[in-house]
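Kindly generate the complete structure, drawing on both the sequences and the hints.
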Amino acid sequence: MKRNILVPAVALLLFFIYQFAAGNVFYAHILVMAAINAVLISGISLVARTGRLSFGHAAFAAISAYVCAILTTTYGVSWTLAAIAGISAAAIVAYLLGSVIVKCRGVYFVLVTFAFAEFIRLALLEFPSVTGGASGLSGIAPLSIGVFTLEGVNQWLIFSVLFCGVLTFLINRFFKTASGKEYLSVNDNPDLAESTGINVASVQLASFVAGGAITGFGGILMSTYIEFISPESFNIHLSITLVTMLVIGGVNSSWGPLVGAIFLTPLPEILRGAQEYQHLSYGIVLVVILMMRPKGLVSVFSSLSSAPFVFNKKEKKNA
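Reading the sequence shown from the start, the letters are residues 1 to 319 in our numbering.
It is possible that some hints are incorrect.
In the EDC-like style, the derived pairs of lysine to aspartate or glutamate whose C-alpha atoms are separated by at most 20 Å in a straight line are [unchecked claim]:
1) Lys103 x Asp188
2) Lys181 x Asp191
3) Lys295 x Asp188
4) Lys176 x Asp188
5) Lys181 x Glu194
6) Lys103 x Asp191
7) Lys103 x Glu194
The set of hints was computed from the structure by calculation and includes no laboratory data.
Structure representation (structure tokens):
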């Protein structure tokens, strides 16, 4: 069997990116945002790997971010407790919504999640006394766990890269367990999975709730890092961007969110010199990538792992 080089290749890529960004505040900021985006996308990826594509997970990011921000800024709750409350709120809402829409198929599921995200955004605008309305909330308390407090972009760089790497590794390990394989079987053939005794609805609901919680924590990280949120921080543009990153990185890979975020987060800045052609250039790049790598950029690493010059020890011994 060919040796899988995906994990060390991604780890090496993260290491070199960190070394490149550590000495420059702007590059460090871009990498922090890429890591946070990867966390946000990881929640959507869990849902996608059970055969569903959600355009509404920006709503869960908004719910968690606002709950955490309001509790810390208005009521003086510690960041840790506020974050737990925010994640719990996102998970509860995801469970309530998922219980209703879990049987929706195809485009209907996409439309319902899209409408839900817009509903949450509009609801945040309607209660300015609590959420700040269109003006949003500023001066959000920094990430603080016990005596440890993140201060400055370099500390955020270390924390976000490590957390993103650990989260991606754990998700990758999960899909190698019996429960994870149930997710994959539901994605491959839900009818066949149902016939073998797998409760497809329960698996898809569990993925929706877990995905909502993970994306919710990503929303907390984003609001805490930027120290400002508004309803427009979680508009449909964010949902489309996150799904695009997932598709470009690779929908059917645990490493797809990380690869897609690393590639697409800095792309608008790279194309900024194109000025009025920036959006056109962005679209062309995405189309070219999807044409050349329909399974996502993560398939590049898979191709490398199956290259003729990569052997495992057994094959070397037999050569």
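- Message: So, against the hints stated earlier in the document, which numbers end up violated here?
- Response: none
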